[in-house]
Each structure stands twice: as structure tokens, then as C-alpha cells.
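Fit chains E and V to the given chain L structure using the hints.
If you read the protein sequences in the order shown, they are chains L, E and V. Here the first sequence stands for residues 1 to 394, where the numbers follow our numbering. Here the second sequence stands for residues 1 to 166, where the numbers follow our numbering. Here the third sequence stands for residues 1 to 393, where the numbers follow our numbering.
Think of the hints as simulated: they come from the structure by calculation, not from any bench. It is possible that part of the hints are untrue.
To be verified - 30 Å max Cα-Cα, derived DSS-like pairs, lysine-lysine:
| no. | chain 1 | residue 1 | chain 2 | residue 2 |
| --- | --- | --- | --- | --- |
| 1 | L | LYS211 | V | LYS11 |
| 2 | V | LYS307 | E | LYS8 |
| 3 | L | LYS234 | V | LYS307 |
| 4 | V | LYS265 | L | LYS59 |
| 5 | V | LYS341 | L | LYS303 |
| 6 | L | LYS134 | E | LYS97 |
| 7 | E | LYS97 | L | LYS303 |
| 8 | E | LYS140 | L | LYS295 |
| 9 | L | LYS132 | V | LYS49 |
| 10 | E | LYS43 | L | LYS383 |
| 11 | L | LYS103 | V | LYS11 |
| 12 | E | LYS8 | V | LYS27 |
| 13 | E | LYS5 | L | LYS379 |
| 14 | E | LYS97 | V | LYS52 |
| 15 | E | LYS8 | L | LYS363 |
| 16 | E | LYS154 | L | LYS383 |
| 17 | E | LYS140 | L | LYS363 |
| 18 | L | LYS383 | E | LYS97 |
| 19 | E | LYS5 | V | LYS341 |
Stated by the list, open to error - A few chain L residues that don't get close to chain V, going by computed Cβ distances all over 12 Å:
| no. | residue |
| --- | --- |
| 20 | THR77 |
| 21 | ARG85 |
| 22 | ARG226 |
| 23 | VAL236 |
| 24 | LEU246 |
| 25 | GLU366 |
All C-beta atoms in this analysis are idealised placements derived from N, C-alpha and C, irrespective of residue type, glycine included.
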Amino acid sequence: MNYKGFYYEFQNPARVAAGVNCLSDSVSVLSGLGLHNAFFVCDDVEKNSAVDEVRKAIKSAKVKVGAMYVKEEKIVTLSTLREMRDVYRVNNCDCIVACGDYKIVNTAKILRMLLAGQVVRFEDVKGINVAKKKVNIPLVVVPTCVGMSKAVTTSALVKDDEGSVFECVSPLCAPDYCIIDPALTSVFDAPTTIAGALESFAMNIEEFVSKQAITLTKCMNLIAIREIRDNVFKVVNDPMDVHAVLGLQKAGLLAGACYSSASAGVAHAIASALAAVTGEDYYICMGVVFSACMKYNLDVVEKDYAQALYYIVGDDRYASTPAEDRARTLIETSQKMIRELFDENGLPTSLSRLGLKEEDLDKAVEETMKSYALVTNPKNVTKEDVYAILRSLM
Amino acid sequence: MKGKKLFKKFVTSFNMYFFARALMCCFRYDEDFRKYVGMLPDKFVFRMRVLPDGATMTLVKENGKLTSFTGMVTAGCHDVDVCFKNIEGGFAFVTGKKSFAKCLAQSAFVISGDVSGMMTVSHMFDIVGSYMLTKRVLKKYDRAILSRKAGVHKVRFYTVFGGSLA
Amino acid sequence: MSTFSFSNDVKILFGDHALDNLPYELKEHDCSRPLFVCDERSYRLGFAKEVKRALDNDMIGYAFFYRKISEKASPKDCDAIVDLYQTYDCDGIIALGGENVVQSAKIAKLMLIQGVGDFVYFKHKSEMDADKGLYREVPLFILPSDIPSGIEASDRAMIFDEKNNVFYNFNSVLTRASAVFLDVRLTDIMPAKAMATAGLGALAMGVKGFVENSGNPIALAYATSAIHTIMGELLPAMRHNSNSDYRISIYSSIINAGIAYYGIKESLLRDIVNELSLRTELSALNVLSIIFPYYYKTKVNKDRVFKSVLMPIAGEEQYALTNAKSREVVALDKLKEFWQKVVLLADIPSTLHETGIEQSDFVKIADAVITRYRGTDPHNNFTTIVHLLEEAF
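Bound-form chain L, shown alone:
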């Protein structure tokens, strides 16, 4: 490796506990975080038995559930945040506990940012590092679905009153403690799980080839890719296989841990833009665009793709694939895997099925060009390149 002019900073902000029944083991840690009166954010209580489990654990850590907030929105809106902030204040809460899928964790992150930064105007949270920490408000997250690569990252999304989606990046978004217990992943929804697993696969590949990747983050990504290979089909066949579910959750966690250091690439940028334009889930958009983006980057990251192939296909196929074909084989295998899993679960595999119209293309490209992730893509991305990628998927 050439270290001339090389510089990196690495910090893994999250404190993580993972494993079956780790929730009950985490009680001592929860007591040590100085929580007293928790503001509990969760999704549908009746469908999600994990919520009860988490509440019990909080109570046994001698933390009162001061208020409970149940609301599901794909991307949290400012009006919801206003409402939540008021409930939090009225009930004198001093910490936030989030239990649910990506939407819930995202909501809790933004809320923590607002409260910890004592922000009055909502404009003051949009963007990078806008809110500064003024009060300590611990945030504990308990993800209950697979592929939560965003659970431990420092970024979150928010929708303003006009319906525009903004990304917020701040250390205040990173949770203080993340509990991953596969036994809590009781709400099994096949398409969401598949899309989540494939999204963390895509994120890991993007981080692996990112301009800012270092040996350490690359190792994390490869371990995550292996976990996905070993477990994704097991989960499809047996959704109650807790070992396999934990494997997928670990993969998501690793993608999240590398995100603040290695960042992502063009696929993440396009998928976020498509999610904003079409209103579809980010995970699904990622699955649709990922293979095309891999092809786009191929000429500059061929060696990395060839290395990653091993972690997807295993010993025999890797050894039997000629070295010069390995990168292409990775792309083909990934494409096949995504297509098969998406088709089986009735998820869209093209932009037209995703609901993107020809007239929305310009908007999607414009949104893509605004993404922070383009900076670390291995290739310098131009508008024309994004058009070409999107057109190939129409």
C-alpha cells in the first residue's frame, strides 16, 4: 500500500451488544448510562412483541418509561418531531429508547439531535454538524429488523413541511448503546428482511471499494459479506433461525460501523435520490440500482471486486474462476442473487416498476449529484454518468 500523503481518522462511536438474550444481559449497562425517565419510541406495539420485552428490560434497570410514542412514517416529518418534542418535555424525560425498524431508529436519532442540541428552529438540524451538543441525552436503540446498517451511523433523514427530504449528519445521531438481539426480530416480513439484507450487502461492497476505505474497514466489510452469504438463504428458508438472523444483523452493524469512516458510493447516492423522488423504500431502491453501479465502477476497482468474490462464492468456485474473470463473476453473482430474491418476494427490479417516470429522471439525477456519498465513490461521478446508469435500468 502506498502511504504517501495518506491520512485517515477512524472512530467507531457505537457501543454494541449482540446475541440471543443480550437484552437481559444489557440491564447493567443500561443502569450505568444514567437513565431515569425514558422516552420510548416504537412501532406498532400490538404487532411487535419486542416492545414489551424492551420495556421490561428498561424497568428492571430501574428506568421509568416516562412516555411512549408510537407512530410510523417512512421518513419522519417535522410536524411529528414537534409533537414528540412536546411530549418529551411535558413528561420530563431524560433519555430516548428506540425499539423498531429503520424508520423508528431514524426518528429517534433526529429527535435526540433536536433535544441534545436544544434546537428551536428545525432549519438548525438539517445538514452536517449543524446542531451542537448542549445537553446529554442518552440514546439506546434496539433494532428489530435485519439489515440495520443505519442503526449505528451518524446520519438520519428528515422530511420538512414541504415534503422535501434532508439528510442530517451529526455525532448526535449516533446511539450511545445499540442492542442487537435476534430473538427480538419477531416481526418477520420477508420482503423487508430480504431488502434489508441486500442493502447491507450493497453498503458493504460500496464501503469496501470506497476511496476512503482502509485495511480495517475493508476487513469489517469482508467479514460482513461472508455473514450475508452464509445467512441470507437460511433466513429465507427459516425466518425463525436466530443464528442466521443474528448473522445478518451483524453484517448490517459492520456496514454501519464503517459508514462514518469509509462512507458509501454512487449506488447509495442514487438509491437515496430515488427514494426521495419515488417515495419507495431506500432498501428497495438500493437493490434495483446496485448491480448497474457495480458495473460502472468495475474498471477502477477490479482487484477489490475480485478479492470480494471469495466471500460470496466460497472456496471451490473462487479457486476455479480465472483471476481475470473474478470481478465480473462477482457482479454477475450479485446481480443474480438480488434478482432471484427480489423476484421471489415480489420486489421491483427495474426503475419503471419502482415508479420512476421519464420526466422524473432529471430530478433524480439532480438529487443524486447533491449526495455526500459521491465524494468517496472510487470513480469521479458526472451527471452524464448518472443519466447513463439510470437509463440502463429503465
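Just chains E and V now, with coordinates in the frame of chain L:
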């Protein structure tokens, strides 16, 4: 100028002055650059400075027109604030050794503000870099080589001798 | 079922001009009156001057500069740091130097947070899980100037109290540094011998971290990256020891290996190494570099995870081409082959005999280790330790 590394501090201030002028020159002559400026909201203020008290550059879009200058408008009155953590980062940027994107990726500066505005400015800086630096230098430092819509010599000439460009 | 927990938020700043970010990090932690501690060696080699220059550039001062940390960390040093910190009303610590400075500063930080004014407080509390504290913020910035020991970014701090003959082993988040800076300007050309022992020691830490952390993907990644870097860059680093790029990459792998290795809760190997280190005056990395091939020889066919270590050692190609059943044997062979190559090239000790340890001391050593060992593995007993020491002799 206090502290040490006076040479680097001087070069950074000097280059930043011409960088600000180059931004306005590109706005006048380059079509792509103007498109990016068009994407910025009106009354958009971008500030770039070198910590602790190094050179500062401000870029303002008002009534569709771009103005950039060294120095700042009012403290705190900006949409995007870019602070180089130390003179080394600022020096590498203004001398063309590192692109804005590379500085960002390597945490050479801290940013606060609007993500999309910052990315638009980053594309604008790439255009300016492609005019101010030779293709050989751009290749050497692994920077984006963009097509130059206006004459390179014209942009360079007006950057240096163009009088008041605002 | 693999259950794991991981927490390490130490910021690692590595590479060109990393030191120039020290003022920024100080400000980020609201630290305007840091206590600057270093040892005589770092001062004489001019590293302290480099740090002062970096602070001067940003016009940041320090409350007090203390350079009298002894060559081997002692409770006296910790007390001195605590005293100075309180006397000069400091709000952070900059620790520049080798293992001695790092250990003293980490323990001083623990004392300050817990409001302990004198090291005597820790007497009879040799194993500390001391997470209880007043939670006073004491930012600690570590700038390794010698070869790192691996403990810098970990939650451990160890110190030997010669006066009372007690070995203190602290394992607490309160000893954790805020940031670790690895900058070429703070390193000096190392003789190939020193580089070889440090590299092999880090490799040993990495392999141990890899084997013990198979269920913890984050720690596993730290170990994997360390093994990978050392296998690829130790020999070039020894051959071109004036090349600062190789040097700094080996140093960063030591830090990574340390995070994985010192994160293991109980380890017999670590206890043996600490005991031998105390008796021989050699650093833990030196002892590890001698002992680890013998240690793993006893582990093959017992440790299922060991076969996976072939991947970072030999790479994907070799791993895929090796029969699954023989992977652990191949891994050990590769490790030994690499070890022998390094030992021959640098002419470093390869047996305990060469370090001056007497065979008659083995019983005493094993006795001390087994008293300290808190693990539950029945295979780790007195006989195993004596057997290992005899093998390595």
C-alpha cells in the same frame, strides 16, 4: 499572522484570494459552472476558513449572481461553513494538491451546514480546479479532469488581471 | 450461540500531518490547559519539540510540561501526574512516549476520574473493573513516540508496583484515551531487530485476538487487519527501516492488534507474557514474539477457529486452494515459516533460554500465572504452562 508556518499561511491567503477571483471568472465564462450556481438557493452564503485564524473566503449568491471574496460577511451568517482543521489541510487545498472532495474524505476540514449546497459548491470547485491546474497536475493528484467550456487562458488571464469582477 | 459486546470509541488519527490535528482535537474536548507528559527519551529525541510546535501553530499552550516519567511505569509516576494535574488545574492530558508514559497516563486518568489522590488506594484491588466514578471528563491524548505496545487504544492499563510486589491490571473504560495520534514525525528509525520483535509480537496479538474473538465481528476485523498488514509489510519494514511509511503502518497494526488482544477478558497467554515480562525486563511484545509459535503448536487440533486464521495469513487464493481439513496445519506452518524468516533476518532471540530465564524458575512462573488467571478453561492449568515454557526454552 501569528504563530508558526508563516510561509504556508501567506501562500494559503494569497492563493485563496485568486481562488475567489477564479470562481467569479468561471461564473462569467463557464456554462456548466453557471448551471451549478443556478442550483444554489438565493442568498446562499458559503464560508471557507483555516483554523485557528487563517485565511477566510466567502461566496455569496444574490439575485442569481455570484460574488466571492476573501474575508467574511457576518460571523454565523452562512449556509455552509467549511473549517480546515489546520494550515496543512488549507495549504494542500489551495495549492491544488488535494481536491475539495479529497479533503472532505480525509477529514481535513469540518463542515457544518446544508449537504446539497456543499456538494454543489464542491462541483463548482472541481470546475475551477480544471481551469487553474494543468491536466498533468490534475492527473498527478488524481483529480477530476472536466471538459473546459471556456478558454483556459482567458479564464486564467481574467483571474489574474481582470480588475473588479464582481 | 455467539454473543458479543464491543465498545471502543477511541479516535485513531493516522498518517501525514496527523499531529497537526492535535490542537483541533484539544478544542473539540474543550481542553485549553492540558498537562503535557513525556519521558526523557522522547524529550531528547526532539519529539516533545514537534508536539510543542504543533500546539504553537495554533497558539495553544499547556499548563505544565512534565518529562520525568521513569523508564518503567510506576505508581510514583501516576501520583505525580495526578498531583500536577490538580495543582495546575489542568483539563486534559497529552501523553507522549512509550509504554511507560501511556500506562502511567491511563492510570492517572482513572485516578482523576475516581477522585483518587494516591495510588495506595488501589492496594489489594489488583483486578479492577473500576467503572464506577465521578464521571469527571479527563480527555487523554496519546502520542506514541516509541514502538507502540498495543495498549494505547485499549481499555487496559497495567502497572507493577515494585515496592509492594503487586501487579495491577486495570480493565476499565475510564482508562480509555480520547484519541491516539500516529504521525511519522514522532517516530525514529528503528533497528531491524526492534521492528522484528514488535512486528512478531503484534502478529501474535493479532492471531490471539482472531482466535478468541471469532464471534465478535468488530474485534475480528481489528485482528484480521493487523495480521494482514504485518504479513505483508513487516519484512519490507525491516529491510527499509528508514522508510517511515512502512514503519508507521506496522505501528498502526500494533494498535489494531492491541484492541483485539486486550479486549479479550481472560487470557492465559497474556498472563504468562506479563509474568515473563516482569521477570526478564523485556516488553510484552518481545516476550510474545518468542513464545507464540510454541503456544500455537499446542493449540492446533484443539482450536477449531485456528484454521480460519489462514485467510489473513495467506490470503483468499491460498485459503481456497487448501484442503479444509489441513488448513490449521498449513496456518501454523505459514506462521512458523514467517516467524523463522523474521528471526533469521533480524537475529532476534527465538527461545526463552536466550532471554536469560532459568528453567528452575518455571514452577514459580507457572504458580504466579495460575494464581492470577481468572479464566474457566480446564485445559489452562499448571502443567500446560510448565509444558509451554519448557517447549519455548
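Do the hints match the structure? See the list:
no.: 1; hint: L:LYS211 with V:LYS11; verdict: 20 Å, holds
no.: 2; hint: V:LYS307 with E:LYS8; verdict: 53 Å, violated
no.: 3; hint: L:LYS234 with V:LYS307; verdict: 24 Å, holds
no.: 4; hint: V:LYS265 with L:LYS59; verdict: 29 Å, holds
no.: 5; hint: V:LYS341 with L:LYS303; verdict: 28 Å, holds
no.: 6; hint: L:LYS134 with E:LYS97; verdict: 37 Å, violated
no.: 7; hint: E:LYS97 with L:LYS303; verdict: 26 Å, holds
no.: 8; hint: E:LYS140 with L:LYS295; verdict: 25 Å, holds
no.: 9; hint: L:LYS132 with V:LYS49; verdict: 34 Å, violated
no.: 10; hint: E:LYS43 with L:LYS383; verdict: 25 Å, holds
no.: 11; hint: L:LYS103 with V:LYS11; verdict: 29 Å, holds
no.: 12; hint: E:LYS8 with V:LYS27; verdict: 22 Å, holds
no.: 13; hint: E:LYS5 with L:LYS379; verdict: 34 Å, violated
no.: 14; hint: E:LYS97 with V:LYS52; verdict: 27 Å, holds
no.: 15; hint: E:LYS8 with L:LYS363; verdict: 42 Å, violated
no.: 16; hint: E:LYS154 with L:LYS383; verdict: 26 Å, holds
no.: 17; hint: E:LYS140 with L:LYS363; verdict: 34 Å, violated
no.: 18; hint: L:LYS383 with E:LYS97; verdict: 24 Å, holds
no.: 19; hint: E:LYS5 with V:LYS341; verdict: 45 Å, violated
no.: 20; hint: THR77; verdict: 31 Å, holds
no.: 21; hint: ARG85; verdict: 27 Å, holds
no.: 22; hint: ARG226; verdict: 9 Å, violated
no.: 23; hint: VAL236; verdict: 21 Å, holds
no.: 24; hint: LEU246; verdict: 7 Å, violated
no.: 25; hint: GLU366; verdict: 34 Å, holds
Consistency with the previously given hints fails for numbers 2, 6, 9, 13, 15, 17, 19, 22, 24, ordered from lowest to highest.
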